[in-house]
Amino acid sequence: MAAPAFVEALAKSVQSWCAGATGVRDVAQLSGGASQETWSFVIARSGGDIPAILRRSPPGYGSVSGRAAGLSAEAELMRLAYDAGVPSPRVLHVLTERDGLGDGFLMQKVEGETIPRKILRDDLFAATRPLLARQIGSILAGLHGIDRAALPALRTLSSTEEIELLRADYRGMDWPRPVFELALRWLADHDPGASQAITLVHGDFRHGNLIIGPDGVRAVLDWELAHLGDPMEDLGWVCVNSWRFGEIDKPVGGLGSREEMFAGYEAAGGRVDAERVKFWEVMGTLRWGIMCCGMMQRFRQGPDHSMERAMIGRRSSETEIDLLRLLAPRGA
Amino acid sequence: MQDEPRPDELIKAVADFLRDQIAPQITGHAAFKLRVGINALDLVTRQLTLAGDSDAAEHASLKALLGHDGSLLELNAELAESIASGAVDLSTPGVKDHLWRTTLAKLAVDQPTYASYRRETAQK
Numbered sequence: 001m002a003a004p005a006f007v008e009a010l011a012k013s014v015q016s017w018c019a020g021a022t023g024v025r026d027v028a029q030l031s032g033g034a035s036q037e038t039w040s041f042v043i044a045r046s047g048g049d050i051p052a053i054l055r056r057s058p059p060g061y062g063s064v065s066g067r068a069a070g071l072s073a074e075a076e077l078m079r080l081a082y083d084a085g086v087p088s089p090r091v092l093h094v095l096t097e098r099d100g101l102g103d104g105f106l107m108q109k110v111e112g113e114t115i116p117r118k119i120l121r122d123d124l125f126a127a128t129r130p131l132l133a134r135q136i137g138s139i140l141a142g143l144h145g146i147d148r149a150a151l152p153a154l155r156t157l158s159s160t161e162e163i164e165l166l167r168a169d170y171r172g173m174d175w176p177r178p179v180f181e182l183a184l185r186w187l188a189d190h191d192p193g194a195s196q197a198i199t200l201v202h203g204d205f206r207h208g209n210l211i212i213g214p215d216g217v218r219a220v221l222d223w224e225l226a227h228l229g230d231p232m233e234d235l236g237w238v239c240v241n242s243w244r245f246g247e248i249d250k251p252v253g254g255l256g257s258r259e260e261m262f263a264g265y266e267a268a269g270g271r272v273d274a275e276r277v278k279f280w281e282v283m284g285t286l287r288w289g290i291m292c293c294g295m296m297q298r299f300r301q302g303p304d305h306s307m308e309r310a311m312i313g314r315r316s317s318e319t320e321i322d323l324l325r326l327l328a329p330r331g332a
Numbered sequence: 001m002q003d004e005p006r007p008d009e010l011i012k013a014v015a016d017f018l019r020d021q022i023a024p025q026i027t028g029h030a031a032f033k034l035r036v037g038i039n040a041l042d043l044v045t046r047q048l049t050l051a052g053d054s055d056a057a058e059h060a061s062l063k064a065l066l067g068h069d070g071s072l073l074e075l076n077a078e079l080a081e082s083i084a085s086g087a088v089d090l091s092t093p094g095v096k097d098h099l100w101r102t103t104l105a106k107l108a109v110d111q112p113t114y115a116s117y118r119r120e121t122a123q124k
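The listed protein sequences derive, respectively, from chains A and B.
With the first letter of the first sequence counted as 1, position 50 gets the number 50 in UniProt numbering; the numbers rise by one all the way through.
With the first letter of the second sequence counted as 1, position 112 gets the number 112 in UniProt numbering; the numbers rise by one all the way through.
Extracted from the complex, chain A is given alone in its bound form (with noise of 0.2 Å):
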């Protein structure tokens, strides 16, 4: 799978920053994630092999959208958030130049699941699925109470630009959507104006982006969406449908109700606003169907043709019923 040049500079950077290191094996691309490629691995160690990711944009090739952090600022978010006891694995090195293998980071393997339909389904979560909605809005608490002074450069937006943004992504596609339109009207209609509380938000929380055992969240992926927002982003963002997998009546990830989720969130510290929450979902929907759209650009405009790319793009029709069925419900 892995072309011999990769490996190579894999084994090579790993043995100049890690002591001990002889090279590595065992290295297999990770499916999920249509972004940026996921690198599993096993550092060769005297005294103990540690197994080992690596997250990076392959050199010569750009970040998935002009609001992503960069992979630096993620490497060191996850830091930030594993010192804050955030559940998050260990980064072990920040790719340089030198490496040779694009812009990334390495970090520990967490053992876990993230895939969302086995933490749905399967018995060996049975006993952990009911308390994962409180656990999510404790750690979401968590994120949000890091200090702000501490973090790297990060964008800020409030909730009236981010409209203003998804309004230009969706008219820079030049592909008519009614339903996105009338979400679109929505939310100027009901936009909270700025937030008293600015906080770090990540951004990307939902499954696929936690790792989890049968004793809950062992770690949060992912940061690269992480900005400075109103924090009931996050919240909202959580209990899109889209992240329901067919659990379509536990909003926060098929998971659990609101209320639990609040009820963590405000336990761990955190002051929930359920308007501004319901806000932010609809906004969630909307951003998440035209990602979906931005997919199918990239799809044909860039340099990945790639079958996942297109098939996503045909996945915003879903968010056009689920802003239906939150705007306009039949039978109301």
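I should point out that these hints are in silico values taken from the structure, not numbers from a laboratory.
Incorrect hints may appear among the rest.
[As the list claims (entries may be wrong)] Under the rule of at most 25 Å between Cα atoms (straight-line distance), these lysine to any residue pairs were calculated in the SDA-like manner:
| hint | chain 1 | residue 1 | chain 2 | residue 2 |
| --- | --- | --- | --- | --- |
| 1 | B | K96 | A | R171 |
| 2 | A | K278 | B | K96 |
| 3 | B | K96 | A | L166 |
| 4 | B | K33 | A | R315 |
| 5 | B | K33 | A | H305 |
| 6 | A | K118 | B | A31 |
| 7 | B | K33 | A | T38 |
| 8 | A | K118 | A | T128 |
| 9 | B | K33 | A | R117 |
| 10 | B | K96 | A | I163 |
| 11 | A | K109 | A | A84 |
| 12 | A | K118 | B | A30 |
| 13 | B | K96 | A | H190 |
| 14 | B | K96 | A | D249 |
| 15 | B | K96 | A | A328 |
| 16 | B | K33 | A | E308 |
| 17 | B | K96 | A | W186 |
| 18 | A | K12 | A | Q36 |
| 19 | A | K278 | B | R119 |
| 20 | B | K96 | A | R314 |
| 21 | B | K33 | A | G302 |
| 22 | B | K33 | A | F245 |
| 23 | B | K63 | B | E81 |
| 24 | A | K118 | B | P24 |
| 25 | A | K278 | B | S85 |
| 26 | A | K118 | A | S242 |
| 27 | B | K12 | A | M296 |
| 28 | A | K118 | B | R118 |
| 29 | A | K278 | B | G86 |
| 30 | A | K118 | B | T27 |
| 31 | B | K96 | A | R325 |
| 32 | B | K12 | A | R314 |
| 33 | B | K96 | A | R167 |
| 34 | B | K33 | A | A28 |
| 35 | B | K96 | A | D191 |
| 36 | B | K96 | A | W175 |
| 37 | B | K33 | A | S242 |
| 38 | B | K12 | A | S306 |
| 39 | A | K278 | B | E120 |
| 40 | B | K33 | A | V27 |
Given the coordinates of chain A, work out where chain B should sit on it, guided by the hints.
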């Protein structure tokens, strides 16, 4: 006139072959990619089968809503602009119903197993 079998029949035959004969022999990342490919072929089959009727219904509905003719793309762009400007909203007669019918028609092609779609089609 092109001869038979129709494109939807050909593509379905290929998808069934990949699903039944090839998929069981493949593992790992390639199996994941193969599954995506089969899903894409299934989607194309559904579009070839369903979109003729649903596009015609959408076109008729747009003409009735907007009061004139045009291409499907032009009329959709006009409806989108009318919603953006506020000239049309959910209280405009026929709009909510139109948006629901056209969205359900998209889901029938794109993702008929999507839970929201199944819920909404079970109710009606």
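A quick look at each hint next to the structure:
1. Between B:K96 and A:R171 the alpha-carbon distance is near 22 Å, which keeps this suggested pair within the 25 Å criterion.
2. For the hint pairing A:K278 with B:K96, the CA-to-CA distance comes to about 21 Å; that is within 25 Å, so the pair holds.
3. At most 25 Å may separate the alpha-carbon atoms for a hinted pair to count; B:K96 and A:L166 meet this at roughly 23 Å.
4. Taking the CA atoms of B:K33 and A:R315, the gap is about 17 Å. The hint holds against a cut of 25 Å.
5. For the hint pairing B:K33 with A:H305, the CA-to-CA distance comes to about 13 Å; that is within 25 Å, so the pair holds.
6. A C-alpha spacing of about 18 Å is found between A:K118 and B:A31, which places the hinted pair at or below 25 Å, so the restraint holds.
7. Distance check on the hinted pair: B:K33 and A:T38 sit about 16 Å apart at the alpha-carbon level, within 25 Å; holds.
8. Distance restraint check for A:K118 and A:T128: the Cα-Cα separation of roughly 13 Å lies within the 25 Å cut-off, and the hinted pair is therefore satisfied.
9. Distance check on the hinted pair: B:K33 and A:R117 sit about 18 Å apart at the alpha-carbon level, within 25 Å; holds.
10. Restraint check: the Cα-Cα separation between B:K96 and A:I163 comes to about 23 Å, which is no more than 25 Å; the hinted pair holds.
11. Pair hint A:K109 plus A:A84 holds up; C-alpha atoms about 19 Å apart against a cutoff of 25 Å.
12. Under the criterion of a C-alpha separation no larger than 25 Å, the hint pairing A:K118 with B:A30 is consistent with the structure, at around 20 Å.
13. Restraint check for B:K96 and A:H190: satisfied, since their Cα atoms lie roughly 19 Å apart, inside the 25 Å limit.
14. Straight-line distance between C-alpha atoms of B:K96 and A:D249 comes to about 23 Å, which keeps the hinted pair within the 25 Å bound.
15. For the suggested pair B:K96 and A:A328, the alpha carbons sit about 7 Å apart, so the restraint of at most 25 Å is met.
16. With a C-alpha separation of about 8 Å, the suggested pairing of B:K33 with A:E308 holds against the 25 Å cut-off.
17. For the suggested pair B:K96 and A:W186, the alpha carbons sit about 14 Å apart, so the restraint of at most 25 Å is met.
18. The suggested pairing of A:K12 with A:Q36 holds, with an alpha-carbon distance near 22 Å, which does not exceed 25 Å.
19. With a C-alpha separation of about 21 Å, the suggested pairing of A:K278 with B:R119 holds against the 25 Å cut-off.
20. With a C-alpha separation of about 22 Å, the suggested pairing of B:K96 with A:R314 holds against the 25 Å cut-off.
21. For the suggested pair B:K33 and A:G302, the alpha carbons sit about 19 Å apart, so the restraint of at most 25 Å is met.
22. For the hint pairing B:K33 with A:F245, the CA-to-CA distance comes to about 20 Å; that is within 25 Å, so the pair holds.
23. Our distance criterion of 25 Å between C-alpha atoms is met by B:K63 and B:E81, whose separation comes to about 15 Å.
24. A C-alpha spacing of about 20 Å is found between A:K118 and B:P24, which places the hinted pair at or below 25 Å, so the restraint holds.
25. About 24 Å separates the Cα atoms of A:K278 and B:S85, which keeps this hinted pair within 25 Å; it holds.
26. For the hint pairing A:K118 with A:S242, the CA-to-CA distance comes to about 16 Å; that is within 25 Å, so the pair holds.
27. The suggested pairing of B:K12 with A:M296 holds, with an alpha-carbon distance near 23 Å, which does not exceed 25 Å.
28. Distance check on the hinted pair: A:K118 and B:R118 sit about 21 Å apart at the alpha-carbon level, within 25 Å; holds.
29. Distance check on the hinted pair: A:K278 and B:G86 sit about 22 Å apart at the alpha-carbon level, within 25 Å; holds.
30. Distance check on the hinted pair: A:K118 and B:T27 sit about 18 Å apart at the alpha-carbon level, within 25 Å; holds.
31. Between B:K96 and A:R325, the direct Cα distance comes to roughly 11 Å. Compliance with the 25 Å bound is thereby established for this hinted pair.
32. The suggested pairing of B:K12 with A:R314 holds, with an alpha-carbon distance near 19 Å, which does not exceed 25 Å.
33. For the hint linking B:K96 to A:R167, the alpha-carbon distance of about 21 Å falls within 25 Å, and the restraint holds.
34. Straight-line distance between C-alpha atoms of B:K33 and A:A28 comes to about 15 Å, which keeps the hinted pair within the 25 Å bound.
35. A hinted pair counts as satisfied when its Cα atoms are at most 25 Å apart, and B:K96 with A:D191 qualifies at roughly 22 Å.
36. The hinted pair formed by B:K96 and A:W175 meets the criterion: a straight-line CA distance of about 20 Å does not exceed 25 Å.
37. As the CA atoms of B:K33 and A:S242 are separated by approximately 21 Å, the hinted pair is consistent with the 25 Å bound.
38. Between the alpha carbons of B:K12 and A:S306 the distance comes to roughly 21 Å, so the proposed pair stays at or under 25 Å and holds.
39. Among the hinted pairs, A:K278 with B:E120 is consistent with the structure: their alpha-carbon atoms are about 21 Å apart, no more than 25 Å.
40. For the hint pairing B:K33 with A:V27, the CA-to-CA distance comes to about 18 Å; that is within 25 Å, so the pair holds.
Hint compliance for this structure: no hint is broken.
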